[in-house]
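From first to last, the protein sequence lines are chains A and B.
Per the working numbering, the first sequence starts with residue 74, numbered consecutively.
Per the working numbering, the second sequence starts with residue 74, numbered consecutively.
Quick caveat, the hints were computed from the structure, so don't treat them as lab data.
It cannot be assumed that every hint is accurate.
Copies of the same chain look alike in the list, so a pair counts if it works inside one copy or between any two.
As the list claims (entries may be wrong) - The list that follows gives simulated cross-link-like pairs (lysine-lysine, DSS-like), each with its CA atoms no further than 30 Å apart:
{"#": "1", "residue 1": "Lys190", "residue 2": "Lys258"}
{"#": "2", "residue 1": "Lys190", "residue 2": "Lys171"}
{"#": "3", "residue 1": "Lys171", "residue 2": "Lys523"}
{"#": "4", "residue 1": "Lys84", "residue 2": "Lys367"}
{"#": "5", "residue 1": "Lys258", "residue 2": "Lys171"}
Keep in mind that this is a model prediction, so the values were computed, not measured.
What follows is each chain in one-letter form.
There are 2 protein chains.
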Amino acid sequence: MPPDDLVTMEKIVSLARRRGFVFPSSEIYGGLGSAYDYGHYGVLMKENVKDRWFEAMVRERDDIVALDSAVILHPRVWEASGHVTGFADPLVDCRFCKRRYRADQLEDAECGARPSKHPGETENCDLTEPRQFNLMFQTRIGALEEAGLDAYLRPETAQGIFVNFKNVAQIARRKPPFGIAQVGKAFRNEITPGNFIFRTLEFELMEVEFFVPPESAEQWHRYWIDERVAWHRRYGLRESHLRVRAHGPEELSHYSSATSDVEYRFPIGWSELEGIANRGDYDLRAHTESSGTKLEWVDGEERYVPHVIEPALGLTRSLLAFLVDSYDEEVVAERPRTVLRLHPQIAPVKVAVLPLVPRDPEMSTRARNLYEELRRAVVAEYDDSGQIGRRYRRQDEIGTPFALTVDEQTVQDETVTIRDRDSLAQERIAIAGARELVLDRLAREWKTPKPD
Amino acid sequence: MPPDDLVTMEKIVSLARRRGFVFPSSEIYGGLGSAYDYGHYGVLMKENVKDRWFEAMVRERDDIVALDSAVILHPRVWEASGHVTGFADPLVDCRFCKRRYRADQLEDAECGARPSKHPGETENCDLTEPRQFNLMFQTRIGALEEAGLDAYLRPETAQGIFVNFKNVAQIARRKPPFGIAQVGKAFRNEITPGNFIFRTLEFELMEVEFFVPPESAEQWHRYWIDERVAWHRRYGLRESHLRVRAHGPEELSHYSSATSDVEYRFPIGWSELEGIANRGDYDLRAHTESSGTKLEWVDGEERYVPHVIEPALGLTRSLLAFLVDSYDEEVVAERPRTVLRLHPQIAPVKVAVLPLVPRDPEMSTRARNLYEELRRAVVAEYDDSGQIGRRYRRQDEIGTPFALTVDEQTVQDETVTIRDRDSLAQERIAIAGARELVLDRLAREWKTPKPD
């Protein structure tokens, strides 16, 4: 089955909703444009993606330390960084119908108010000159009018890293090349959010700012592109759905001297999954100039402003890619099933324990005991609701790699069946060894069974 | 040594800064009132506190599921919840000097502008009647003026849970008593933030909304008070530093029918660590009325609006309590040391590996290999910078439970010393068994060596 023809955004949205991964936010109040809430499995899966990222970027390395800076920073941070003037979209208004558009997205500028000379047709809007609309959410700190301060919600976590550069470098006793990692919420007042959780007003970013000697910046830029592609591959994204694309000069951000996107083949087409920018010395210089604090590397005679390589991945965009890539439908024994072939480390639940006849006390006691043993080691689920086939389908749809079923034979010989999500193979194994076997299989190297 | 006389907030602030737990935010721009950034050890420690909370509240239970809702919800959520009208502090202004005060905190209302009849003295302010100042941060969604929406940053995560009640109850197949857990940022435009990370404008909340049949609400309220006190005790807070205090009728929040605070003896005095509120059916009824969606429990003939018990803990306030409770100073062999006697599960780093003479290749190779082995299992640190005594002091100050030192004898007999942070006992153990021994000791039941 060619998955590319199969996976539509509608199917992902529907599964995510049906199984409690992602709900439209504020739904009982009619929703709030492009905002989403994450249900139980969404939370577990997000935590897995975050953990694997943090492991690869911080725990497995000696050259990156963690930081968690505030969402609301001093407003001068955003003046210095160029966001107050440069982080904007060009907007135009229609003089007749008052609609507002992005100046670079004018395909549907059909006026709702302007009388047409041709009955039944609509006239095009009569547009003003473009004005810059800043994408930062604004707020105000303080009840004291004289001391109140207009402030912004951060549109990226990076600036919180730059302004802490000196503190961290001193205390962490690190010299370049070294990096600072941060995971946290960012907010952008997007004119055109959409495509489910691909672009939302608030989103979690996982960013590293990696500080290097200027002469090695290009080399480190290539290094980080390769590293990040390898990470997405490691957790199951298929090679044929990933590509690297360098930005043309006209699409570079105001701070960037070179950016490459790791693109993924989403149902909406090839789109940015992760951006890897060479920010040069733009930010450290800007904050040095603005604050008067020298943000540079000094060691004896050596003194320079490090250049910065930034791999920046949206957490929920990564989650969306994992959902899309793992989504599969197939017909088994004339019955259709939907399955998320997620990497076991990304799957929200690792193993389910199912008593075949839940009301049978012999079965339910054994199933319960096995579940209690397993949950101490991994995220497990006890599932005793509905027909066994329905329970398997539920576990398939949330991507649970293994299901252990307690049946009549279990009561006789203390064995259970283990069902493999991907191959659907079922084996009988001893209850006594079930925990070890599950842990062992979860730790095995895993590769998606879908064509690469 | 009586710790209560010893631990001042200044000492905690100083250690947190010196060792990279917590920095003042936007420091190079002069700071931003009460905002803080968390450094490497602060991030690791926060993650530990969060994990232990999530484990106790979600992973170890079958009756609580997770949720992660948006920070910016539909503004009608906050109208229905009563926050738009009720979540406010009373403020008064001085007609002369224009200073603004909380009407309930007027001790220092000394006028800076009003001429006094008595030279050298100051006159009291001439105050206006109190006005209500809402504590929610406001912002605005959307660049389209006609479709733009005034919105709020959530001051609590609870409302995101209530508006998802129906979705979650259906999909999670749960009936009361069951709960929904959420960890996330909240924002309050406090008039009087302060006391380091005790009260900040933005902070992470860990909340459970536990839905119960109305007749069992009081019983569940008591249950959750006991559970939460046990959790704080489990991770090391001393009994003599914890107490439970029921709110008087005049201090109850607008939604609460009963609240008990778990109070901790902070350096600023007994103060709220965690609030456990009985919110009754206030919120579900309010959102039912406002949205038209019935938020109730229905099962055949059974139909009722559940009551809600809410244990709500501030993550960084919990972190502050752990820092305060574990802080210790002592003199050992005539040399003073500062040590964080943190529970091993809360400590940011579990074990440090120290080559006695870092330049000795025999020692550094063995130390490096041991470190690589340990870090695959737990958060470990390789520390080869400075005198060995200085390295021990550093590890003591970040609360690392164990330090393994590779010395000359290691090169001869493949043993290392293991140093216990609390007792300072040193033993020689075989490198081959070091990993198992460290894991075993970390998993042991732990009790603070400080007087309870």
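When no copy is named, should lysine 190 and lysine 258 be tagged within, between, both, or neither for a Cα gap of at most 30 Å? Classified as neither; 50 Å inside a copy, 54 Å across copies.
Please work out whether the CA atoms of lysine 258 and lysine 171 approach to 30 Å or closer within one copy, between two copies, in both situations, or in neither? Answer is neither; intra-copy 33 Å and inter-copy 36 Å both fail.
Within, between, both or neither: how does the pair lysine 84, lysine 367 come out at a Cα-Cα threshold of 30 Å? between (52 Å within a copy, 28 Å between copies)
Classify it for me, lysine 171 with lysine 523: is the Cα-Cα distance of at most 30 Å met within a copy, between copies, both or neither? neither (49 Å within a copy, 69 Å between copies)
Using 30 Å as the alpha-carbon threshold, which applies to lysine 190 and lysine 171: within, between, both, or neither? within (20 Å within a copy, 61 Å between copies)
This entry does not satisfy hints 1, 3 and 5, going by the numbered hints stated previously.
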